[in-house]
Amino acid sequence: MDASNSSCLTFTGPVSVKRQSDTSTLVTARACVILLLGLTGTGKSSFIEALSGGNADLKISGNTLESVTTDLTVYELVNAHFGSSKIIRPIFLIDCPGFCDDKTSEFKLVTMIQTWMKDLKRRGAIKENHIIETILYFHRITDKRLASTQKETLRLISSLVGDPYFYQTGLAVVTTMWDTLWSPAQVQEAEIRFTQLKENLKGLLGPSATQALRFDNTQNSALQIIDEADFMCRPATTWARAQRTLRSPPLAAFHNQKLRDAPFSAQLLHLIHERIARLEQKIRILDDDILDARCWPGVCR
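Taken in order, the sequence shown gives residues 0 to 300; the numbers are from numbering that gives the first Met the number 0.
It is worth saying that the hints were derived from the structure and are not from the lab.
Using N, Cα and C, we set each Cβ at its ideal position, and we do this for glycine too.
Certain hints may be false.
To be verified - Cβ pair distances, simulated, as ranges:
(1) E188 x I271: 52 to 62 Å
(2) G12 x K281: 43 to 53 Å
(3) F230 x F193: 34 to 44 Å
(4) K281 x K17: 38 to 48 Å
(5) Q19 x K143: 32 to 42 Å
(6) R121 x Q195: 23 to 33 Å
(7) Q195 x R29: 32 to 42 Å
Unchecked claim - As a list, the in silico DSS-like pairs of lysine-lysine whose alpha-carbon atoms are at most 27 Å apart:
(8) K150 x K102
(9) K201 x K117
(10) K102 x K117
Given only the sequences and the hints, what does the whole structure look like? Please build it.
Set out below in C-alpha cells:
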C-alpha cells in the first residue's frame, strides 16, 4: 500500500513494527492507540506480523487455536503515521490475550486492560481520554455462524466502547482467514457469511455494525484496515468530535469504580457463569470417564 492509495496514512519509508517496552513513547496526546481484541485464534497476532512485512523475529503468531499472547504487548508502527509533517499522529497497536481462552478469563482480560490504562495515567504517559482511539475486533470468516459465546463477547465489547456518537473510542470488525479460501465455492460461501455477519452485527453493535472489514493476511491489507477504521470511526461533524473528546468510553471511565456499576458488568457476569458451566461440564465428563475406566476388564473394582 502506498500513500496514493491511502486517504489518511503518511509513509516515510519501508513499513514495519517494533515491540515497545517503554510506554513513555505514548506521551504525545495525538498518538493513535489501536486495541486488538477477538477470540483466540482469530488472527490478531497475524495482523501485527503482516504489518511487520514478515519480520520473523516477532514470533508472535502460533498458527494454532491456543493463545500465544499472554499479556498486553505494545507495538509501534514504523514509517507510517496519521497526519502531515506538521501534526504527526504515531500509531501504536496493543495486542491482548484472546477471549474465550482457557488461560485468561474475560474478567481478567478487561481488568488487565483497565490496570494498564490506569498505570499509564498514573505515570503521566498519556492523557486518560486519549488512551484507546479504536478497537479492532477480529472474527474468522470461516466460522459457519456466530456462536452464542461470540455474540456475548461482541455485546461485551460494544458495552466497553459505548455509543460511538458520544464516546471517543471507535469499533470496527475485522474478518480474517480470507487467504485460506482456495476454491470459488469457498469464496462464494464466505461472501454470503460476510453479508450475514454485517446483518447480525446490527443487532449486537448498533451503529458500529457498518464497520466490517476484510483482512487477507498481507501488509497492504493491514494498512488499509488501519486507514479505513480510522476514517469510519471518526465523527462526521466538528460538534460530534467535540462531544466525543469530553467523554471517556465505559472501559476507561469505570476502572476506578466498582465493576458492578459499569454498563458492561452484566455481560462480564454472564461470561463468567458460562465459563463456570463449561468447567463443570468438563469435570462431569472426566468423572464419567474415570468411572468407565474402572469397569474395564481387569480394572473393575
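The hints, checked one at a time:
no.: 1; hint: E188 x I271: 52 to 62 Å; verdict: violated, 34 Å
no.: 2; hint: G12 x K281: 43 to 53 Å; verdict: holds, 50 Å
no.: 3; hint: F230 x F193: 34 to 44 Å; verdict: violated, 20 Å
no.: 4; hint: K281 x K17: 38 to 48 Å; verdict: holds, 40 Å
no.: 5; hint: Q19 x K143: 32 to 42 Å; verdict: holds, 38 Å
no.: 6; hint: R121 x Q195: 23 to 33 Å; verdict: violated, 44 Å
no.: 7; hint: Q195 x R29: 32 to 42 Å; verdict: holds, 38 Å
no.: 8; hint: K150 x K102; verdict: holds, 20 Å
no.: 9; hint: K201 x K117; verdict: violated, 32 Å
no.: 10; hint: K102 x K117; verdict: holds, 23 Å
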